[in-house]
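Number of protein chains: 2
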Amino acid sequence: MVNQREKKVLKMTQSPSRTERSINIIEYFQKKGAQVDAWLERLLPAVSEAPSLIHEAMRYSIFAGGKRLRPILAIATGEAFNAEERTLLPAACSLEMIHTYSLIHDDLPAMDNDDLRRGMPTNHVVFGEGMAILAGDALLTQAFRTLADCEGGTPQRKLRVLSEVASAAGTVNSLIGGQVLDLQFEGKSVTGEQLESIHRAKTGALIRCAVRIGAIVGGADEAELRALTVYGEKAGLAFQVADDLLDETATSEELGKTAGKDAASHKATYIALYGIDGAREMADRLYHEAVAALNSIDRETIMLEEIARFIVERKS
Amino acid sequence: MVNQREKKVLKMTQSPSRTERSINIIEYFQKKGAQVDAWLERLLPAVSEAPSLIHEAMRYSIFAGGKRLRPILAIATGEAFNAEERTLLPAACSLEMIHTYSLIHDDLPAMDNDDLRRGMPTNHVVFGEGMAILAGDALLTQAFRTLADCEGGTPQRKLRVLSEVASAAGTVNSLIGGQVLDLQFEGKSVTGEQLESIHRAKTGALIRCAVRIGAIVGGADEAELRALTVYGEKAGLAFQVADDLLDETATSEELGKTAGKDAASHKATYIALYGIDGAREMADRLYHEAVAALNSIDRETIMLEEIARFIVERKS
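Residue numbers (the numbering used here), protein chains in the order written: chain A, 2 to 317; chain B, 2 to 317.
Just so you know, these hints were derived from the structure itself, not from any lab.
Please note that a few of the clues may not be correct.
Just the calculated beta-carbon pair ranges, DEER-fashion [stated by the list, open to error]:
{"#": "1", "chain 1": "B", "residue 1": "Ser297", "chain 2": "A", "residue 2": "Glu301", "range": "53 to 59 Å"}
{"#": "2", "chain 1": "B", "residue 1": "Ala224", "chain 2": "A", "residue 2": "Pro156", "range": "40 to 46 Å"}
{"#": "3", "chain 1": "A", "residue 1": "Asp285", "chain 2": "B", "residue 2": "Met121", "range": "38 to 44 Å"}
{"#": "4", "chain 1": "A", "residue 1": "Glu42", "chain 2": "B", "residue 2": "Gln195", "range": "26 to 32 Å"}
{"#": "5", "chain 1": "B", "residue 1": "Gln185", "chain 2": "A", "residue 2": "Asn25", "range": "44 to 50 Å"}
{"#": "6", "chain 1": "A", "residue 1": "Leu226", "chain 2": "B", "residue 2": "Val48", "range": "52 to 58 Å"}
{"#": "7", "chain 1": "A", "residue 1": "Pro122", "chain 2": "B", "residue 2": "His289", "range": "50 to 56 Å"}
{"#": "8", "chain 1": "B", "residue 1": "Ser297", "chain 2": "A", "residue 2": "Gly66", "range": "50 to 56 Å"}
{"#": "9", "chain 1": "A", "residue 1": "Pro122", "chain 2": "B", "residue 2": "Gln185", "range": "19 to 25 Å"}
{"#": "10", "chain 1": "B", "residue 1": "Ala293", "chain 2": "A", "residue 2": "Gly66", "range": "52 to 58 Å"}
{"#": "11", "chain 1": "B", "residue 1": "Ala293", "chain 2": "A", "residue 2": "Gln31", "range": "56 to 62 Å"}
{"#": "12", "chain 1": "B", "residue 1": "Glu42", "chain 2": "A", "residue 2": "Phe186", "range": "51 to 57 Å"}
{"#": "13", "chain 1": "B", "residue 1": "Glu223", "chain 2": "A", "residue 2": "Glu42", "range": "46 to 52 Å"}
{"#": "14", "chain 1": "A", "residue 1": "Glu314", "chain 2": "B", "residue 2": "Gln195", "range": "52 to 58 Å"}
Even glycine gets a Cβ: it sits at the ideal position worked out from N, Cα and C.
Assemble the whole structure, with the sequences as input and the hints as a guide.
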């Protein structure tokens, strides 16, 4: 442990300047984002395949310019453990398919009724409600097919990844459950604890899962997996606090979605609970806790640190 | 081959009378249906788990009195190959989860806008549209989690089953693709070929998949799998023709859903194309083709024959 701490200190004193670091992380997101897009292009059915309209609808939302945060978190974690690209990239892309399906369904008139997403009209505005529901269903289904079919790795590990992803996308403290809570609490006053349980489920579970599946594909041991899970949980919560801050302070143009909507619809936010300064302090604290969780891991985790910083400092 | 044919002939001459057979198949459906229900009870999150409303919505549609045709087809096939119950039953149940999710989403106002299903108000009528969309999403997700987590079998075989199920639930000649075509062709005149491609996807893919995963869990060889696939394809198409006949000739009370709705909404049906007598002949021909496909398999397949007969002779 002493050796690892010494290494960390050494690494920190040798760290590049803040400016260099932020250039690096932007380059990393661009490079890995392009890699994710290339794999998604291959992993989704072509528009030329019948029935083409559903494939067009799936691709419309997948290629609408997302940051690819979830797949990039999985990739950065997997790379720290020298995971094989042909197994890691499909696994990472499955998370983007699931994230995108959840956005398409959340935006529906029966849910959040949003008509702008990532700066473009939402899926149901372009393709109609019925097709948008099916496009979401199809992305969710394709995510699991991708995980079952990917090359490399051991079958045992692939089944474990599948189970982790299905669990994170499920109802108990997970993606769908979070959306249920979100609907149920809309317009009601919530406590800090309730707000955290909503976000731990709605955005936290998939971000945590991204880190975990990167580690599993890479063959991390259980102690490493535990430390990375803490990192993932802190980063996921930090992401949501930063999201609330952006919703309050950025413009719709910067965000690519309707700004100030949460406040206008009286949705529970960290700003409503703690104010802008309180939420900023919380995001900062979570960032430091996320980075501290990486201390026990004897791998190159600088990119995970940088991603945590990006999560709280991003402008969109 | 001669030996197998002789055995078949022997089996046929020793077959019980028609009345005894129909009692047997009803008993088989009751017994296996109860087994499926007991497994579904265990495999779905309890209503006591938070958020309880989504678990209530999932269970409402799962336990609304379906025939369990898909899981029972998987079970009957698996049993012919001595598949282990602890692997076969979860795999079979995953198909019922997927079938039920597709019904919930198909019934939505943005799709077929149905308010009666299996004799009960549809999911969105009871729980609201938003919750019904999420309940469908959750059943689809839980199906894959069930497949990833089930005990017994080899990891390789489980991944293959997962891939088969994800493919059958997907867009290309599969479940979602069929619903897309159904929406696109609604109110338009279709050819027999087009109608067959809709149904091959919308109902056929999952029924074919049921037979295939039963065989895969049981360790069938590739020749057996090919023969069973033909059986599954014929049985799936026969099911749809029989469904059209029921929609035309049965009452809403018998069906548990709105009767005559397909005709009223000018949906493409086999009746519209071939008339009642033509459709009856087609169902009968498909039944015989399904049974003939079983000839090359040196296993006890009498229950699969009986299920094919039940599919074309059922009254609801």
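Each hint tested on the structure:
no.: 1; hint: B:Ser297 with A:Glu301: 53 to 59 Å; result: 58 Å, holds
no.: 2; hint: B:Ala224 with A:Pro156: 40 to 46 Å; result: 24 Å, violated
no.: 3; hint: A:Asp285 with B:Met121: 38 to 44 Å; result: 52 Å, violated
no.: 4; hint: A:Glu42 with B:Gln195: 26 to 32 Å; result: 30 Å, holds
no.: 5; hint: B:Gln185 with A:Asn25: 44 to 50 Å; result: 48 Å, holds
no.: 6; hint: A:Leu226 with B:Val48: 52 to 58 Å; result: 32 Å, violated
no.: 7; hint: A:Pro122 with B:His289: 50 to 56 Å; result: 52 Å, holds
no.: 8; hint: B:Ser297 with A:Gly66: 50 to 56 Å; result: 53 Å, holds
no.: 9; hint: A:Pro122 with B:Gln185: 19 to 25 Å; result: 21 Å, holds
no.: 10; hint: B:Ala293 with A:Gly66: 52 to 58 Å; result: 54 Å, holds
no.: 11; hint: B:Ala293 with A:Gln31: 56 to 62 Å; result: 59 Å, holds
no.: 12; hint: B:Glu42 with A:Phe186: 51 to 57 Å; result: 29 Å, violated
no.: 13; hint: B:Glu223 with A:Glu42: 46 to 52 Å; result: 32 Å, violated
no.: 14; hint: A:Glu314 with B:Gln195: 52 to 58 Å; result: 54 Å, holds
Violated hints, in rising order: 2, 3, 6, 12, 13; the structure is consistent with all others.
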